[in-house]
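Asker: Once you have looked at the hints, place chain B on chain A.
Residue numbers (the numbering used here), protein chains in the order written: chain A, 1 to 527; chain B, 1001 to 1527.
It is worth saying that the hints were derived from the structure and are not from the lab. Computed from a predicted model, the values in this text were never measured in an experiment. Note that beta-carbon positions come from the ideal geometry of N, C-alpha and C, so glycine has one too. Be aware that a few hints might be false.
The list that follows gives simulated cross-link-like pairs (lysine-lysine, DSSO-like), each with its CA atoms no further than 30 Å apart [what the hints assert, rightly or not]: (1) B:K1005 with B:K1373; (2) A:K93 with B:K1443; (3) A:K409 with B:K1507; (4) B:K1398 with A:K503.
For the chain B half of the interface with chain A, some residues (derived, Cβ under 7 Å), not all of them [claimed, not checked]: (5) K1014; (6) C1429; (7) E1444.
Pairwise CB distance ranges (calculated) [as the list claims (entries may be wrong)]: (8) B:A1523 with A:G177: 50 to 60 Å; (9) A:S50 with B:S1200: 29 to 39 Å; (10) B:D1453 with A:K14: 20 to 30 Å; (11) B:G1177 with A:G144: 27 to 37 Å; (12) A:D418 with B:G1235: 14 to 24 Å; (13) A:E129 with B:Q1420: 31 to 41 Å; (14) A:K14 with B:G1331: 17 to 27 Å.
Single-letter residue listing:
2 protein chains.
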Amino acid sequence: MAEWKNLDTLKAYKALEESGHRVDLGKVLAGEAGGERVKKYSVPMACGLSYNYASKQVDEEVLGMLADLAKESDLAGKFKELYNGSMINTGEKRLVLHHLTRGQLGDDVIADGTNKREFYKGEQAKIAEFAAKVHSGKVTNADGEKFTTVVQIGIGGSDLGPRAIYIALENWARANGHLLMDAKFISNVDPDDAVNVLKSIDVAHSLFILVSKSGTTLETLTNEAFVKNALVEAGLDPSKHMLAVTSETSPLAKSSDYLAAFFMDDHIGGRYSSSSAVGGAVLSLAFGPEIFERFLAGAAEADKKAALADPMQNAAMLDALIGVYERNILGYQATAVLPYAQALARFPAHLQQADMESNGKSVNRFGEPVNYKTGPVIFGEPGTNGQHSFYQLLHQGKDIVPLQFIGFKESQFGTDVDIQGSTSQKKLCANVVAQIVAFACGKEDENLNKHFDGGRPSSIIVGEKLTPESLGALLSHFENKIMFQGFLWNLNSFDQEGVQLGKVLAKRVLAHETEGALAEYAALFEI
Amino acid sequence: MAEWKNLDTLKAYKALEESGHRVDLGKVLAGEAGGERVKKYSVPMACGLSYNYASKQVDEEVLGMLADLAKESDLAGKFKELYNGSMINTGEKRLVLHHLTRGQLGDDVIADGTNKREFYKGEQAKIAEFAAKVHSGKVTNADGEKFTTVVQIGIGGSDLGPRAIYIALENWARANGHLLMDAKFISNVDPDDAVNVLKSIDVAHSLFILVSKSGTTLETLTNEAFVKNALVEAGLDPSKHMLAVTSETSPLAKSSDYLAAFFMDDHIGGRYSSSSAVGGAVLSLAFGPEIFERFLAGAAEADKKAALADPMQNAAMLDALIGVYERNILGYQATAVLPYAQALARFPAHLQQADMESNGKSVNRFGEPVNYKTGPVIFGEPGTNGQHSFYQLLHQGKDIVPLQFIGFKESQFGTDVDIQGSTSQKKLCANVVAQIVAFACGKEDENLNKHFDGGRPSSIIVGEKLTPESLGALLSHFENKIMFQGFLWNLNSFDQEGVQLGKVLAKRVLAHETEGALAEYAALFEI
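So here's chain A without its partners, still in its complex pose (with noise of 0.2 Å):
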């Protein structure tokens, strides 16, 4: 059994404490030695994945300690733990299973009377033939004609990570005969969100999928009311036109309001439900079943990697732990994610998602307060954009941000222009490249305005291309990231009180329970 101890009582963290040593990054990345080191400080990673992390502020003293602190923390395994069936989500005593969802690292896992990974491979298995009948024209609308498009009506993890993961593949299915059906997104409880798509949409040709694992969210129910009331006024029937992912318990489950259900269990968590039905269902219908199959084979190679217990051979290991050095030893509050990529542009949401709700806490996983930072804030925009943005700060501003770059040698389309003597996407790599070493090395100047200090950190995934198999594999890559971090921060990363106490006070609101400046705040908006 792993023990479970608070990062600042491990021998191997107050050893960092201690140590003054710290790595200059200019002179590390100077002349051959530092073309070495961009050479050696690389681990590679599922689906011709790399981690390179040459211009991060480590050395082979920091990464010692850095091993050590795995070692004593023991990552490796507490993951196993997780992976084959602890209760690893204490507050809600709940498993962690959503590696199941994609492969199975262990032991049978047994719970609510079930081998899980058998339950999850099953309900993909209902999708896919569902999926399959939807393409062939088996399910078709009450006129018989094929749907031609899908719209999740999710919130959070029902929203971010499949929406992110289908812009992330949109392009490439496009380019490769593999989108079958659009796919839309409704998530705010903002009436123009459900108004705005449904206006862009023709309903008598599009499937709806209604997910909530407790079947009892608000926004979720709020927005299939209008989803029902477009589908009445067009003189359809919502129940032809409308699925659920949900748990076997929920409201929902066997309600003859919808044509088919999907479910998943309260072993996954909202924001680590991609790779269970929640992002089956709609990137099935959206791709072809084998297509999500490809990524979930890509997200399973990862989680293998992930479970290697040296850190220099396991990215999402090596990653979180620079990642705590940077915050607890380094005092860096920020992380940006710049997937170097236009494809990726929602993946940083995801991302802030699946870290600040996983990690932003102030208990350990007993309930006691920690004396020491915990996740960070995330942020990210693709470059080039981001450049042309917010850089100015990343370069110059008085606070360091360590940065996550992502980039990949070749595009989805693969269509391309030569201008001045190069392609767009060998702009896109050079862009990225530069960037890295602007920030790390900086340059002088006499005019200060135009000196950079250098210093700053950053990373880099490098893959060929952004495929259902490379995505999946960088999913997983974030997941376990987070993951180790939590670990090592010693909270559970896997509930999350701090989104209660808002929900309690707006259904006072709404039912008028107020006083006070909750009641004078409600009167601003005339409620």
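Answerer: Just chain B now, with coordinates in the frame of chain A:
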């Protein structure tokens, strides 16, 4: 003449630093007094908006010191110098004239041999005339058919602001019969961005606007080539489909490659160019010039408010002062912008550029290092989506992140459903109200995992409805807030030298003029 002095040399700032006085939000918002505070701590803004700061960590004592700071820093005097045409952008030796695109607050500004207000008005008049011809069918494609789509090709300031504004008003325009043309945007040098947009439109009925002040932005010229290829492949003459927005001295200005050219100038920074021809052309084509005029009118009305010397009457100035108090005295590092309006989905991304590129700096306007924190990290997503994502960290994380909420009483479409006794719009408003109080006041719980410390500050801008006018006022508010913060920090908020080094290194990579680390990073991408 205003005196430009570093923040930490001001007496009022020293008084703030030395004051140990701190406001406990839970206490000041409690009971009836809390309700009174919400009513009182509000500044009327332009176009029916109001800025409420009752949940900021200020009281009469702090506000008094901030008012002293505004006075000693001569914020109103500096703004007056700016709008009267002083050379405020010292690094680039330029004036700062974006306010003149929407109104005139002071003296005539004569530069480059012309009255600048007349110049900007003249360009917008040219745009309006051209747009009217497009809308009426006097300017058509070669087959005499109307153009239905307008595509903006630009990056950074030529993209984020106009795109955010288009998205903000698209539904409003659709609901009110003002959506005359669809607008699309191509920005990233990633070839998949241009290919994706080109696949989504009918090029034969599309106008393309090339937006680059210098006429040399590599991303933009590269994307122009994509568009020209697509037009030629469709058997069309590119010069009949393309417009330019540029400076009069740019190589694009008089080229026969373009159907028409509209001008901005060097006195308008990219991130402040939404109200110039950069936003004017695409938005006048999409919505009609009279809608863009309404947007300008809203911004002009807010600019007038920003010229008031008393921060208690000037929301932009007060917001700026409170932000500096939070950054420099309370030590907060980031700010989240959280609009409760799906239409403002990309407004935080625009503010991220506007703020971080303006004030993410470490030297003052004289090129001397400053010893205090400057611009914070800015990020955000619309509510209620964010509630189901990163709010966990905002509520219970180890660092406090000040919040800037925005909300409206009415939706844009006006279409709604009533579920569990309230409309979606009421639920949306109830949620933002609840969040403010939850963040500020927290909640005691013996189970510390369910405990909320509170003391997390926010402000809210409340409006009736997101319209062209209120959106213009909102944009002006933030532009002016950023300007006042730049004055307080004694920065030049109008240059961006921090983006240059990356550009230089990217050129070296593309020219294979690399060695050491740069060469090895390039090798990762096979450059």
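Asker: Work down the list of hints and note, for each, if the structure agrees.
Answerer: Verification of the supplied hints:
1. Distance check on the hinted pair: B:K1005 and B:K1373 sit about 15 Å apart at the alpha-carbon level, within 30 Å; holds.
2. Between A:K93 and B:K1443 the alpha-carbon distance is near 23 Å, which keeps this suggested pair within the 30 Å criterion.
3. A hinted pair counts as satisfied when its Cα atoms are at most 30 Å apart, and A:K409 with B:K1507 qualifies at roughly 18 Å.
4. Among the hinted pairs, B:K1398 with A:K503 is consistent with the structure: their alpha-carbon atoms are about 21 Å apart, no more than 30 Å.
5. For B:K1014, the suggested interface contact is broken, since its CB lies about 19 Å from the closest CB of chain A, more than 7 Å.
6. Interface restraint check: B:C1429 against chain A, minimum CB-CB distance 4 Å, threshold 7 Å, status holds.
7. Interface restraint check: B:E1444 against chain A, minimum CB-CB distance 11 Å, threshold 7 Å, status violated.
8. Roughly 33 Å separates the CB atoms of B:A1523 and A:G177, a value that falls outside the hinted 50 to 60 Å.
9. For A:S50 and B:S1200, the hinted distance range of 29 to 39 Å is satisfied, since their beta carbons lie about 33 Å from each other.
10. Hint check: B:D1453 to A:K14, Cβ distance near 27 Å, so the stated range 20 to 30 Å holds.
11. For B:G1177 and A:G144, the Cβ-Cβ distance of about 36 Å falls inside the hinted range of 27 to 37 Å, so the restraint holds.
12. Between A:D418 and B:G1235, the C-beta spacing of about 22 Å keeps the proposed range 14 to 24 Å intact.
13. Hint check: A:E129 to B:Q1420, Cβ distance near 35 Å, so the stated range 31 to 41 Å holds.
14. The supplied range of 17 to 27 Å is met by A:K14 and B:G1331, whose beta-carbon atoms lie about 26 Å from each other.
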